[in-house]
Every structure is written in C-alpha cells, then in structure tokens.
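Q: So you can see what is in the structure, the chains are spelled out below.
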Amino acid sequence: MKIFVCVKQIPDPNTVESKLDPATKRLVRTGVSLVLDPGDETTIAAAIKLRDSLGNSELTAISMGPASAQEALRRALAMGVDRAILISDSALAGSDVLGTARTLAAALKRENPDLIFCSTESTDGYTGMVPGAIAEFLGLPQLTFAREINVEGTKAVIKRVTQTGYEVVESPLPAVVTIASGSFEAIYPTMKGIMSARKKPFSQLSLSDLGLDPSQVGEAGAREQVLSIGKAEARAAGQIIKDEGNAAEIIADFLQRHQLL
Amino acid sequence: MDFQTSEEHTLIRESVRQLASRYGLEYWREKDRQHAFPEELWQELARAGWLGTIIPERYGGAGMGLLEMAIVVEEMAASGAGATIAQLFMMTPVFGALTILRHGSEEQRERYLPALARGEFDFSMALTEPDAGSDTLATKTLARRRGDEYVISGQKVWISGVDRAGGMLLVARTTPLEEAPRRTFGLSLFLVDPRSPGVSHQPLEKVGTHCVTSSMVFIDELVVPKTALIGEEGEGWKYLVDTLNSERIVTTAGCVGAGELAIKLAVDYANARMVFGQKIGRHQAIQFPLARLKAEIEMARLMNYKAAWLLDHHLPCAAEANMAKMVAAEAAFNACDQAMQTLGGYGFSTEYHIERLWRDVRLFRLAPISQEMVLNYIAQHVLGLPRSY
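These protein sequences, in sequence, are chains A and B. Take the first sequence: its letters are residues 1 to 261, numbered as in full-length UniProt numbering. Take the second sequence: its letters are residues 1 to 389, numbered as in full-length UniProt numbering.
One chain only, chain A, in its complex shape (with noise of 0.2 Å):
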C-alpha cells in the first residue's frame, strides 16, 4: 500500500512569537527558527503505525516549501518514513490554500496513492482547508478528525472525534483522512533513524515536473486576498461579583443571558 503523509515546516511555535509583516501580510519565515509542525508529528505517528501494523506498505512525507523545508523532511525520514519528497519552485512564494493544495494534488496525483494522511490544521496558519482542497483536487473522499484508522481490505475506516465521544466513518480507498491532533503519541527520531535517514530516498520537485503553470500557483495565482491585518482584540477584564446574598443568582443570569445555561 502506498501511504502518503502531507507536512509542513513552520517557525518553532515553543521558541518564536509569530509576527506578521506588514507589507506582505504573511506570517515572517526569515530568521525565525523553523520546525516540522508538531501537529504533523502526531500525524507521521499515525501513519507509521498504520504502516507498520498493514506491512509490505510504503509512507512517503511530501511537503511544499522553500528549499529549507528538507530539514523538516528529514526529520520526518528520522522518525521512520521511508521517502520523501519536496516541491520547492519560487513561483510558489505565496500560495494561498488553493495554490498549496493544487501542488500537493499534482505531486500526489503522480504517485497512485491509496492514503493520504493530513493534518487537521497547521499550527501556523491554522486555515485547515488544506487537506479538503487536496481531496477535491483528486476526487477522492475525506475522512476527518480520526483518532483512530485501519484499513479493512478495500477501506478505509476510522474512529471520528465528535464533541460527546468518537463515530465510526468508513471510505472505499483511496482517501484523504486527517488526523485529529493529539490522538496518537509522538515519536521522536532515535539514533538510528538519524543515521539511516541520510540513506533514504529524497527527491526534490519543481512546477515544470508537475506539469503545474506559475499562473496557477504562488502570488500570481491567489484567490484569497489579504485586505488587513490587526491584532485580537485583548480579553477584557471579567467581571467580579461581589457575594452579598444574590452572587449565585447574578451568575445564572449571565449564564443565563449568553445560553449557557
């Protein structure tokens, strides 16, 4: 089975406060610290156990970044994928959801695979299109929120995170599923994975071997447009309610009030 799991580098989120520029409007990449997303950790951890437990299967991390993003994919091989690729081209500067999930398709779309596991979200961005703009890209469906996933001869099948508990989802293959975070423990590159690491395959695409046009991809081919950009608003100051005999009844208003209660 040919499993593919879709990652992204992003600035350290433990060491670096995100900063917007100004002029560009994009969260600054440059001279910041940069990690694989912890979120996709989670989601490497899924695959490989999905791998290891199918056997005589092979996970590839394919991401789309500039030519930095090969440290993010070494870490991932470190952790046990066995391939990787990475779509670099400076025609994709600035690619909105469309752009990125239109190059992740193509490359995908190249490799016949049966899964591809996504992450909910990025923990920069955090639009969580992404990985339902991929799956429309190839005409596949969508498996979302699993905090589990098997695979039982043609499908696939997953244990969705709902709000009271989990439901049980399935999908002929190929599909697109995306991991909920948290679900799985992480796994952290050992000593050998390093060094076998720099063995495993690697290769690294443009948009010409995609087949993809500069116009439909990168700034030039943005359909999302950034109008503005401001801080959140600060959290204003709760209220203190003095208990002179009604606080209980105060709070039930406001409880009350909001629909909370």
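Everything labelled a hint here was simulated from the structure, so no lab data went into it. Some hints here could point you the wrong way.
[As the list claims (entries may be wrong)] With a Cα cut of at most 27 Å, we get these calculated DSS-like pairs of lysine-lysine:
hint	chain 1	residue 1	chain 2	residue 2
1	B	Lys-306	B	Lys-264
2	A	Lys-159	A	Lys-49
3	A	Lys-192	B	Lys-306
4	B	Lys-264	A	Lys-19
5	A	Lys-2	A	Lys-199
6	A	Lys-2	A	Lys-155
Let chain A serve as the given structure and place chain B on it in line with the hints.
A: Leaving out everything else, chain B in the frame of chain A:
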C-alpha cells in the same frame, strides 16, 4: 573552518531534548533523593540507540563519534539531569565501548559491542587505587600470568557503577613499576566480569552524584582467561590515553549542559522575582556574573567540540580535552553557585534543584582529573616548562 550546524546534529539535539523532557528536574530530584539509578531513562536511551552512538553500524550502533556523544550528553544534562549524566555515559559508552572498539580484538568487539549498544549490560572501569589516583603508573593491582590465565589481586577505589555493571575494564600491572624498563610499560587492561568470584565491592558515602554508586573494589585472586587482555600485555598505558581523553570530553559535555541549566534556572528566577518593587534581573549585580559564566560555558563547549573532533579523527587531543574540562568544570560549578546566590534562600532548598546541580558538579573539579593536574599538564606538555611534581 565551518561552524555550520549539520542537519544531523540539529536532529540529535532535538531528539534527545524531546526524550529528556519526559525525565525533567523532578525526576532527577527524586532519583537523587532515593539514591537510585535512573533505570527507566537509561533503558529508553538504549532503545532509542543513544548508547550505541559511537559503536559502528556493523556492531549494531550508529557509527558516529565523540562529537555526537558530546551533543547527546550536553542535551541530557541541560534538560534536567545535570552533570551526573556524564558519569553514566563515561561508564558504558566510553570505558566499555570506546576502549573495546579502539583497542579490543575482533572477538572482544563481537562479544561486547552489540550487547552494549542494546543496553543489555553496563560497564565500569577500575583504575583509581588508594595510592594511585592521578599517578596511574603507580598502580599496584597485580596480574600474574599462569599458563593461559591471569590471576589478579589488588584494591580499587571510587569505582563508579560497579554494583550494577556486567563488565569492567580493569587496569592492573603485569610488570611491577620497579621492574618495568620504563614507567609507562607494564600496565595492562583486562575485560572482566565484576560479578565473578574474587571481586567484591563496598559503596562509599559521598556528597552528590547519588544516582551512581562509587565503591571500593577488592580483587582477590581473580582468575581471568588470557583472552580478557586488551591488546598487548604491558602496553595498557597507550590504550588508556584514548579512554581518558574521551572521559574528559564527556565530562566537559556534562558540565556544559549543567552550567547551561543552572544559568537558565537563575535567569528564569531573576526575570520573575520582584524585590523592592522591581525584578532582581534588572540589576547588574545579578546580570554580570551570569553573563560572564555564559561566555565561559560557551568557550568550554567550543573547545570540547574541537577535542572531540580531533579524537574522532584519531589526532592527538589531550591538551584540548584537558583545557576544555578545566574551564567547563570551573564555569559549571561557578554557574551553579551563582544560580544559588541568585535564588537566595530558595536556592538552598531542594525544591528549586540548584543545590543538586551544585553538589553534583563539584565532583568534576576533582575528577576525572583534578584542575591542578590539568594545569600541570598544560605547563609541562603545552608550555614546555619543567615537570613540577
């Protein structure tokens, strides 16, 4: 000269940090309190392959060098372990794996290295004696040849981890000093099982590094086969040099990590603690000592990488390894002491962890070589001054 950090080094650092984060300050505080070996952590390090860092791939290791091991030890120390983690890495990966890899026979390599890489058993080294510490050549433990065997008797002291070791690098004289044609001749190295009849040990009470025992070891007519000898009889001093330089490199890495951790704890506290209406970190009296120690720690780190690089390339590195160790041990101790000063009374409490780091790191101004012996070495071998002792 290329100071660019390689992708692999970054990965090693991140991965070790991730693993170590599950065994943070509280874990080590508890192990220290219980005087217990960090078994769970050690097994996890073995499973993830970190104990086989310098063991070649054909023996089940990762085939990297001392430079990579120094990075592993630094990160472990800085993540909460403090300098005592260096002792753990000295015992098995250095005394055991490195010595056998560099100077053992093929049979010895095949017998020991895969098991050490898998963490199946630990090693210790029996070098120091009551009357032969810095003066290794004055070793009195004697190994007498009897047919295809050696019969060994003597006494060792300050032997780390012997209580749980499955292997021991034993340093003994096969030619007594007074009969040796030259002082450096007559030492021999043996691979022995410390659980054998004829070996007993008694732990010593000490100030710190409570996760690792330090013991008196009594060797009484221990019989070992000829195949336990490493390399040629009487040439052990030549082989020990690599082991001892590696020991210093690992010590320095532990001190660098411990110093880094102490400075971090002090900075975090100084940035939060309000006295007289302002954060104490605003005062230069707090800032300057920490800033100076940070510079010293970074210099020790750099010199240590140089020493490790030289050793990995089979080049002489004694001067560099000794200098790095001296600077690191001093800076790390001062960093822990200054951190305690920064935290004031809280620094004296076990709850704030500094006192453990302070107790543990104190050892490394004495061992594996005293600061004074490093100065002797530099004066004599680097500066060309007469031997003073």
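Q: Against this structure, judge whether each hint is valid.
A: The hints, checked one at a time:
| no. | hint | in the structure |
| --- | --- | --- |
| 1 | Lys-306(B) to Lys-264(B) | holds (25 Å) |
| 2 | Lys-159(A) to Lys-49(A) | holds (15 Å) |
| 3 | Lys-192(A) to Lys-306(B) | holds (24 Å) |
| 4 | Lys-264(B) to Lys-19(A) | holds (25 Å) |
| 5 | Lys-2(A) to Lys-199(A) | holds (20 Å) |
| 6 | Lys-2(A) to Lys-155(A) | holds (14 Å) |
Checked against the numbered hints above, the structure breaks none of them.
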